[in-house]
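Chains as they are written, first to last, in this note's numbering: chain A, 380 to 605; chain B, 681 to 756.
In short, the hints are calculated from the structure, not lab data. Since we're looking at a predicted model, the values are computed, not measured. Hints are not guaranteed to be accurate.
[To be verified] Some but not every residue of chain B turned toward chain A, in silico, with C-beta under 7 Å:
1) I725
2) A729
3) I730
4) V731
5) T738
6) L745
7) V746
[Stated by the list, open to error] Cβ pair distances, simulated, as ranges:
8) A:V386 - B:A708: 36 to 42 Å
9) B:S727 - A:T524: 17 to 23 Å
10) B:A687 - A:L569: 53 to 59 Å
11) A:S552 - B:G716: 42 to 48 Å
12) B:C695 - A:E415: 52 to 58 Å
13) B:G716 - A:F563: 16 to 22 Å
14) A:L399 - B:A687: 41 to 47 Å
15) B:M686 - A:V491: 27 to 33 Å
16) B:G716 - A:K406: 40 to 46 Å
17) A:N439 - B:L754: 45 to 51 Å
18) B:L754 - A:S552: 46 to 52 Å
19) A:Y449 - B:G716: 32 to 38 Å
20) B:G716 - A:N432: 21 to 27 Å
21) B:K683 - A:D440: 14 to 20 Å
[Unchecked claim] The list that follows gives simulated cross-link-like pairs (lysine-lysine, BS3-like), each with its CA atoms no further than 30 Å apart:
22) A:K437 - B:K683
23) A:K521 - B:K717
24) A:K441 - B:K724
25) A:K435 - B:K717
26) B:K717 - A:K437
27) B:K724 - A:K600
28) B:K717 - A:K441
29) A:K495 - B:K724
30) B:K683 - A:K435
31) A:K428 - B:K683
Glycine included, C-beta positions come from ideal geometry on N, C-alpha and C.
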Amino acid sequence: MKLQTSVYSIVIITVFMAVLLFFINRKLRDFDPLSEPKGIVLLMIVFAKMIDNMVKGKTNDKIAEKLTPYIMTVASYIFLSNIAGLFALETPTSNLSVTLVLAAITCVLIEVYSAKTRGMKDYIKSWFEPFAPFVILNIMSKFSTLLSLSLRLFGNILSGGILMSVIYQMLGSISKMIPLIGKFNLVGVLVAPVLHFYFDLFSGVMQAFIFITLTISFIGKELPSK
Amino acid sequence: MEKALMAFAAALCVCGGCVTGIMEGKVAIQAVESIGKNPDAADKIQSMAIVGAAISETCAIYCLLVAFLIIFILGA
Numbered sequence: 380m381k382l383q384t385s386v387y388s389i390v391i392i393t394v395f396m397a398v399l400l401f402f403i404n405r406k407l408r409d410f411d412p413l414s415e416p417k418g419i420v421l422l423m424i425v426f427a428k429m430i431d432n433m434v435k436g437k438t439n440d441k442i443a444e445k446l447t448p449y450i451m452t453v454a455s456y457i458f459l460s461n462i463a464g465l466f467a468l469e470t471p472t473s474n475l476s477v478t479l480v481l482a483a484i485t486c487v488l489i490e491v492y493s494a495k496t497r498g499m500k501d502y503i504k505s506w507f508e509p510f511a512p513f514v515i516l517n518i519m520s521k522f523s524t525l526l527s528l529s530l531r532l533f534g535n536i537l538s539g540g541i542l543m544s545v546i547y548q549m550l551g552s553i554s555k556m557i558p559l560i561g562k563f564n565l566v567g568v569l570v571a572p573v574l575h576f577y578f579d580l581f582s583g584v585m586q587a588f589i590f591i592t593l594t595i596s597f598i599g600k601e602l603p604s605k
Numbered sequence: 681m682e683k684a685l686m687a688f689a690a691a692l693c694v695c696g697g698c699v700t701g702i703m704e705g706k707v708a709i710q711a712v713e714s715i716g717k718n719p720d721a722a723d724k725i726q727s728m729a730i731v732g733a734a735i736s737e738t739c740a741i742y743c744l745l746v747a748f749l750i751i752f753i754l755g756a
């Protein structure tokens, strides 16, 4: 059996993230709450506060306590995966299997919270609303959430990667016209960093943010209004 | 001949994205206008605008996906 190449980068990113989070945990435990935070501790406090405010804005405090750690994990995983292209790894999020799993977790969470707030009887009833034949449409609408969430992340990251490789080819053929050092991709070195900044960093942060925003608001939609 | 037709079909598919581009710009316009009218609601409007833009972007992503399928699976 032949493994896909993105499997290796998934393993590398997971190990890297585990080690990173272990060290951050050490730092946070040794941190004195009365002193002024700086460096990685400050960054983590700002990050946690931002996600916490986002979750609390859409759901209630009780759910936010359980949901915030998951959202933070997913956000940092998607962000690290999106910028993996900068470190010469294959981007895991440009593989549909990875994004499909992430979207499937979101879909399961939506159903679980829907069942919890309505009660089991009303939850089963909600599949047959407004009347019985609508069960087919209801099932299709659940699958469309899964499909659109996974394909959005996958399509955005994959298109960025393909665009970058096309641009590198074009720049390589331009720099072949330069005499003497034609084999070395000089134009690519000069032009590509700006494009990497947009396609890898900016779009990576943006897609991670959109994914968690949609996850939170889909879950918040199932809860009773405040 | 067949390859040329496939390339043309893929290019036509991506054309579907231009409407999405216009409409996503419209989302941004409306968001900016309403923040100008009511600056206190900026946080709510911002998150709603991002969600709306992301959902309408799905259409363009499907166009892109069909173009990829035509190029890499039919054309391979």
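Okay, the hints, checked on the actual structure:
no.: 1; hint: I725; in the structure: 13 Å, violated
no.: 2; hint: A729; in the structure: 11 Å, violated
no.: 3; hint: I730; in the structure: 6 Å, holds
no.: 4; hint: V731; in the structure: 6 Å, holds
no.: 5; hint: T738; in the structure: 5 Å, holds
no.: 6; hint: L745; in the structure: 6 Å, holds
no.: 7; hint: V746; in the structure: 11 Å, violated
no.: 8; hint: A:V386 - B:A708: 36 to 42 Å; in the structure: 38 Å, holds
no.: 9; hint: B:S727 - A:T524: 17 to 23 Å; in the structure: 18 Å, holds
no.: 10; hint: B:A687 - A:L569: 53 to 59 Å; in the structure: 30 Å, violated
no.: 11; hint: A:S552 - B:G716: 42 to 48 Å; in the structure: 47 Å, holds
no.: 12; hint: B:C695 - A:E415: 52 to 58 Å; in the structure: 55 Å, holds
no.: 13; hint: B:G716 - A:F563: 16 to 22 Å; in the structure: 51 Å, violated
no.: 14; hint: A:L399 - B:A687: 41 to 47 Å; in the structure: 44 Å, holds
no.: 15; hint: B:M686 - A:V491: 27 to 33 Å; in the structure: 44 Å, violated
no.: 16; hint: B:G716 - A:K406: 40 to 46 Å; in the structure: 42 Å, holds
no.: 17; hint: A:N439 - B:L754: 45 to 51 Å; in the structure: 50 Å, holds
no.: 18; hint: B:L754 - A:S552: 46 to 52 Å; in the structure: 26 Å, violated
no.: 19; hint: A:Y449 - B:G716: 32 to 38 Å; in the structure: 36 Å, holds
no.: 20; hint: B:G716 - A:N432: 21 to 27 Å; in the structure: 24 Å, holds
no.: 21; hint: B:K683 - A:D440: 14 to 20 Å; in the structure: 59 Å, violated
no.: 22; hint: A:K437 - B:K683; in the structure: 50 Å, violated
no.: 23; hint: A:K521 - B:K717; in the structure: 36 Å, violated
no.: 24; hint: A:K441 - B:K724; in the structure: 21 Å, holds
no.: 25; hint: A:K435 - B:K717; in the structure: 26 Å, holds
no.: 26; hint: B:K717 - A:K437; in the structure: 24 Å, holds
no.: 27; hint: B:K724 - A:K600; in the structure: 15 Å, holds
no.: 28; hint: B:K717 - A:K441; in the structure: 34 Å, violated
no.: 29; hint: A:K495 - B:K724; in the structure: 26 Å, holds
no.: 30; hint: B:K683 - A:K435; in the structure: 53 Å, violated
no.: 31; hint: A:K428 - B:K683; in the structure: 53 Å, violated
Of the numbered hints stated above, those contradicted by the structure are hints 1, 2, 7, 10, 13, 15, 18, 21, 22, 23, 28, 30, 31, listed in ascending order.
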